[in-house]
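**Student:** So the chains spell out like this:
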Amino acid sequence: MKRLNLLLLLCVLSILIYAEDKKKFGESITIKEISPVSKILEKPEEFVAKKILVEGRIIDVCEDKGCWLEISSDKKFQTLKCYGKQNGISFPADIKGKKAKIQGEIYKVELTKEKAIEYFKHQAEHKKEEFDSAKITGPTTLYFLKVFGAEIE
Amino acid sequence: MIEKNQSEKISAIRKWIKIIHRDLGYICFGLCVVYAVSGFAVNHMNDWNPNYIKEIREIKIKNFDYMSIEEDKELARRVLKEAELNYQIDDCFFENRYIFKIFLKDGIIEVDFKNFQVKIEKTKKRPIFYELNYLHLNKAKKAWTYIADAFAVSLFVLALTGLFMIKGKNGITGRGAYLTAIGLLLPIVFIVVYIYL
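Going line by line, the protein sequences match chains V and S. My numbering numbers the first residue of the first sequence as 79 and each following residue consecutively. My numbering numbers the first residue of the second sequence as 23 and each following residue consecutively.
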């Protein structure tokens, strides 16, 4: 019986020691300097494949599987979509509105005109924005952040 | 004499099978509850959100010249006043020309300035189910991965020992064989029909 009690105690201790902090996702944040989202969106090519740290408010999150979240920029009307699914990171739905620090890598997705229309139409519907397909005149390049690690306040 | 020895050996093996099945069954009971309840909840993901309860309240406010208010926090305070809401504002952000978001300690308010509609959204964890799904879907990772792996192996051992626990007409050589065949056929039929036909 004493052995069983000891085993139970060990189980509880190991859970406490190894339990993952719910507010941390993926790898630990190691980068100190924050890259402003506005700066990234201004010249995204300069940031492609570079490991960076961004900060913002979580304005939206994928409610189905938590595979992405969208953070606010330091400037109005700008947001950055961050995907965690490539690295097996899923975000809970109750973090909307919270402050987030995210470490990751900017990557680009090139869309044909048809695919771009489809994408922006879907985005506009989701965000209740007006959508004019005539504004998309050709292939489009989109930039996202591939999340390696995140800390949610 | 040889037959007697063999029968004794089989009895001894069966005794151990029963002991393993019994004790492993006790250990696995709690985990079975976790995986069964969560499995049921996650199976019906299309019908409900098994992890969260989302509370949404919508209020229509009267039109006002929101563009004339330069300070975002002041605009947020005005929106709350118009909607007769008393919340502490954490932060706010214009997502686009019409969508303005007000961040609260425990939720988010979305203001649609096209229709002057205020949507208060609060997401709460669904009690019990959130915790069970957290374990079932291995969101805990680290130590839980080993426990879940051990549980998977244990389930296999339970299934295997279960086959040989009873001898006679209800055992694996009798009725048990038919029931085991049904259990094996079910997934095979679904795989063939759903994937290969």
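Bear in mind the hints are in silico, worked out from the structure with no lab data behind them. If you're wondering where the values come from, they're calculated on a predicted model, not measured in any experiment. Among the hints, a few may not be true.
[To be verified] Straight-line distance between alpha carbons at most 30 Å, and here's what the computed DSSO-like set of lysine-lysine pairs gives: (1) 177/V <-> 191/S; (2) 110/V <-> 84/S; (3) 224/V <-> 144/S; (4) 146/S <-> 179/V; (5) 189/S <-> 176/V.
[Said to hold, decoys possible] If you only want the chain S side, here are some residues facing chain V, beta carbon under 8 Å, derived: (6) 106; (7) 109; (8) 119; (9) 123; (10) 125; (11) 126; (12) 153.
Positions of the beta carbon are idealized from the N, C-alpha and C atoms, including for glycine.
**Student:** A separate judgement is required for each hint: does it hold in the structure or not?
**Tutor:** For each hint, the structure was consulted:
1. 177/V <-> 191/S: Since the Cα atoms of residue 177/V and residue 191/S sit roughly 65 Å apart, the hinted pair is violated (cutoff 30 Å).
2. 110/V <-> 84/S: The hint is violated at about 45 Å.
3. 224/V <-> 144/S: Within the cut-off at roughly 27 Å; holds.
4. 146/S <-> 179/V: Between residue 146/S and residue 179/V the Cα gap is close to 22 Å, so the pair holds against 30 Å.
5. 189/S <-> 176/V: Outside the cut-off at roughly 61 Å; violated.
6. 106: violated, 21 Å
7. 109: violated, 12 Å
8. 119: Status holds, d = 7 Å.
9. 123: Interface hint status for residue 123/S: holds (6 Å vs cutoff 8 Å).
10. 125: holds, 4 Å
11. 126: holds, 7 Å
12. 153: violated, 11 Å
Checked against the numbered hints given earlier, the structure breaks hints 1, 2, 5, 6, 7 and 12 and satisfies all the rest.
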